[in-house]
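Enquirer: Given the structure of chain F, go ahead and fit chains S and G onto it with the hints provided.
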Amino acid sequence: MSASTHGHGTVLKHHFDNLEQQHSAERLGMWFFLVTEVLFFSGMFVAYTVYRNWYPGEFAFASSHLIWWIAAINTGLLITSSLTMTLAIRSAQLGDKAGLIRRLLLTFALGGGFMGFKALEYTTDYHERFVPGEVFRTEYARPLAELTADDARRKYEGRPVLTAQEVKDYQFKGGQEHWSQDLATRNYGKTPGAEGTVSPERVQLFLMFYYIMTGIHGVHIIVGLGCILWLVCEAWRGAIPREAYSKVEVISLYWHLVDMIWLFLMPLLYLIGTRGGH
Amino acid sequence: MLDGNRGPLPAIAERASVMADLFEPLFWYITAWTTAGFLLVCALLTWCCVAYRRKPGRISTPRILGSHRLELFWTVTPLLVFLTFYAWGVYVYDYAVHPPADAPEVYVIGKQWMWKAQYPNGQRVIIGGNPKNMTEEDRQNIGALVLPLNRPVKVTFISEDVIHDFGVPAFRQKIDVIPGRYVSTWYQPTKLGEFHVFCDQYCGAWHSLMVGKIKVVPAAEFDAFLEGKGGAQGSPNPVDGSLADKGWKHFQRLECQSCHMPNAAIGTGKHPRAPNLEGLFGRDVPIRGGTTIRADEQYLRDSIVNPGKHIVEGWERAMPGNYGTMVSEEDLNALIAYIKWLRPGTQLGPNNNSVAPYGAPRETKAPETNKSPGGKQ
Amino acid sequence: MSIVIGDTPRTAPPPPEPETPRRSYLNETSGFWSWALTVDHKRIGILYLVSITFFFLVGGIAAGLVRANLLTPNGAILTEDQYNKAFTAHGVVMLFLFLIPSIPAVFGNFLVPLMIGAKDLAFPKLNLASWYVYMIGAAFMVWGLLSGGIDTGWTLYPPYSSRFSHSSVAPGVFGVFITGFSSIMTGLNIMVTVHKMRAPGMTWGRLPLFIWAMYATSFIQLLGTPVVAITLLLLLVERLAGVGIFDPSIGGDPVLYQHLFWFYSHPAVYIMIVPGMGVVSEVLTCFSRKNIFGYKAVAWSSVGIAVVGFLVWAHHMFVAGISYYSALLFSFLTMLVAVPSAIKVFNWVATLYRGSITFQAPMMFTLAFLVLFTVGGVTGMFLATMGTDIHLHDTYFVVAHFHFVMVGGMVLAYLAGIHFWWPKMTGRMYSDFWSKTSATVIFVGFFFTFVPQFVLGYHGMPRRYPNYPEEFQVYNVLSTAGASILGVGYLMPAVYLTLSLFFGPKASANPWSATGLEWQVPSPPTVFNFEYLPITVCGPYEYAIGVDQMGRGLPEPPGAGDDNPAAKVGPTGPIGARPKETEVVG
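Chains as they are written, first to last, in our numbering: chain F, 1 to 278; chain S, 1 to 377; chain G, 1 to 586.
Hint data in this document are derived by calculation from the structure and do not stem from the laboratory.
Each residue gets a CB set at the ideal place from its N, CA and C atoms; glycine is no exception.
Be aware that a few hints might be false.
[Stated by the list, open to error] Label-pair ranges, simulated between beta-carbon atoms:
no.	chain 1	residue 1	chain 2	residue 2	range
1	G	Ser147	F	Leu229	33 to 39 Å
2	S	Pro218	G	Leu491	54 to 60 Å
3	S	Arg288	F	Pro56	24 to 30 Å
4	G	Gln82	S	Arg288	50 to 56 Å
5	G	Trp33	S	Leu39	53 to 59 Å
6	F	Ala109	S	Arg288	57 to 63 Å
7	F	Pro56	S	Glu160	56 to 62 Å
8	F	Val219	G	Ala36	24 to 30 Å
9	S	Glu194	G	Ala481	29 to 35 Å
If we strip away everything but chain F, and leave its shape as in the complex, we get:
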């Protein structure tokens, strides 16, 4: 089917009276869907706000050990992809098929880059054992296990904190402070729960938020990438003539929302408190 055979007959769907009504309905439908997406994320934001209010110290600590430079790059990638997406709408409105496909592919590449860096970030976090659960607990216990290797029965909750010498003795690669060393240092010599300590349990709570929020956001990016790929296919086979530009517009609305959610997510997760580690 070439573009020249398209006209109002195939673009206009049978249950609509005219193209304007159709486009208007499609746009409204997407806006309503975006509202549901906002509410979907808002549940997590509310829960996050509650706990950040309760445990500011632990949240600041955990945030300072996330890989901020990856988040910065990703923000740049995503914002740029929103620009290219909007430019793609313009190409569609002008009927410029080549330009449309080019700009869509550019958006896809930028979004794909985002996911690539995200994958890098997640694997790095995993290698550093900065993952909630048994992995975290074992990693936090590691400094002690290495120093008191003969006391295998010592339980996590029951062990004493590091002495100054133990802290000095335990060097990590490159001299940068690993999160478990940072955590042990902050808790050194203090009774758990006292002023200035950082509860490892609550750090895990932050990590739950980090992974779930960025994870679900990542799923939305992947869905968006799929939609962009679909648009590329549609454009390729000529199914996006000038009159059908609203397809691109509607997907771009979704893409902008996912970008906007990231703009809220990123400072809340990565920019709490002062930076220490990475």
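Expert: Frame of chain F; chains S and G shown alone:
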């Protein structure tokens, strides 16, 4: 009252507390208004259906669109009525959730699927639950939550596992019992007798067997119960020879007295390596770092399984941390019971064979009655 | 008394009865794939009808098990574990697989385009997708049921559901999560359709109240469902990963779950009831031959319920550990949300005043709704009032209250809708006698089932209890007896409605002589609904004047003694409209 009566339920359910006496008038007030509203609607419906049923012949109905005045009337009137419900409800709720400042406190722990109560002086009672989930020890300790007539009692709850709810219909009170957080409510009973306790928040397989009894006794009997005289709760008082005796045996097995020496040993050339435990329970303990902690069951438990948590002022952190692996929950309960029992001059050396029951003539002075031995950690 | 006077519209003579074409949406195309891949909103409505009827049966069987078990104080037929799974199955299936989709997905899908003069919903493929998503979610729930069941109660509170329950929580929760998306899709579709696809002349002020109700419901579905979706997702992660956000051992708060859960689940009950209220407005006006009393009030009260309904969730948590001041606020807001429902009831009763009432099955179900919904609504006041809620929370009082509104209210409204629009959807009429009988049986059975539960709750019998003190047995037996009558009552429509498909007389386009646009097309409608563009000239309930929404005359309505309204073919009433003054209400 729990008498297994299978006859018809009374029109007004049994009232056994001040809260119940506050509940009833409000409940019937709402009933009166709502019944009136309902009957009005039914009457109007019936009248319309009878008077305006289709008659043979040509149908002719008036074209009535509405009436602003009527709309206003039946918007404002129900709203005002509802606001009276609200105002009275606030008054009753305010009473129900704000205990008086000086009410004695009892601790109740909910766990799947039983209720355990701990009194200020250390009495432990199993209020009720599913016997199959209990240890033999607990099964023998099933009794009732004893409360004094006409006196307020504050009850503080926590759950060991899932969310439960301590509901007492005769008192018209209930409260969700949550893991990780203490919650409190209070009762002022006004009637003697035994009353149902139900778990009112679904908590798993035996939720419906997590029931128990509250027993309201005259105030004098309650005071005697607190002092350890008499078994008002209907079960062996666990702060007596049996549990504390077991605790003493654990104390010996773990050789606690090698560091925690009795007062009697001081001055014999031996130097204690740990604080003395006699009379510890219920006292305020100064902690390194400047704070003070009340030595309650939680404190004692922490000190055994996690000794680094609170270091007593003036002592080093020296207690080994592996005792937690050497004692079970039952053992801990027993140890704590023993430590609670320890009054000055009562810690035994290795040669004594038995521990006298709490309140026995061996006591040289009357035991301290601690007002509220539990601090919230 | 001042009243509102509307214009008497100019009208045309009634048209000849449209010939019932041989081809309707039911038989235009045939074969499995024409149904499995249909994008026709009417066929999708029928697909939903069949599915939710099936799940009503499943949920009903679970209810039967529950009530049978409660015959004796110590569990008559089930172990405790089986009982816990039975009441959870009953709740989950009835709420998510029956009540929430019922009127929106069946009647909303079928009727919204017809009532506003459109050819289909705005997004037909999304509509079909919503049914498949619903079925996939249902499949997960069925998997949960078949793999041992869930025993957490439909409310799924952690930490029990996340760490302690050994039942098939994950597939069940995932199933609920998925069906939520079906609900969102339906709501979105309806909202866009109502905004963008109304036929000429169909202004907001002329929309049938059913459409207003569907719009308000869709608003709630759109905003509330995503929140429960994320809450259930968090719960799933907590259960499967072993660490979570509500876990007290890492500083999490199980009460936070309750806030997030009830933020949706309270508006959800309005998703369930508001469509029923829409049906009631349609049926009452038609069977009393009168305009709705207070159109604007009823329309805006639906919107008011939808909006204020989002502000009251913590009234489910008065004893759960919320602060004193939160409790004060939520109780106050709950008092406010009760008012619009009261307004509707009074407006409906006033609609009957000086009407000309007949009592066919749709009307009987609707009148039963009015009685039972009123009881349900006023008993909610006991729970909204903080002082009484402490005692009544989590007892059978709550169970009775919500069954009165959901079953006595919503299910009866659903049945009213089924009986009202059955001829339109299927082209057949059912037995007048049996339908009236089933309405009576259901009403009587319902009363006996749930009134004793108020007594039980007042005396403190907790809910979700298979073992209870002996003194409560009499009322439990009474309740179970009522439930068996109710069960018989539900089976009756299944029988006579199915029989009508094969043996019922063919229905005319407008057997009830109703005014809506959906009655101006043949029964059953053709695939594209309208052969011509319908132009609306007046409001939706001009029964007193005798015109439909397109300004044409109405046929003679079925009389009081009519056994077969379908026999009324063609307009036999007066030619054209019957103009009259709008009377003053005394």
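Enquirer: Let me make sure I understand: some of the numbered hints might not hold for this structure. Which ones are they, in numerical order?
Expert: 7
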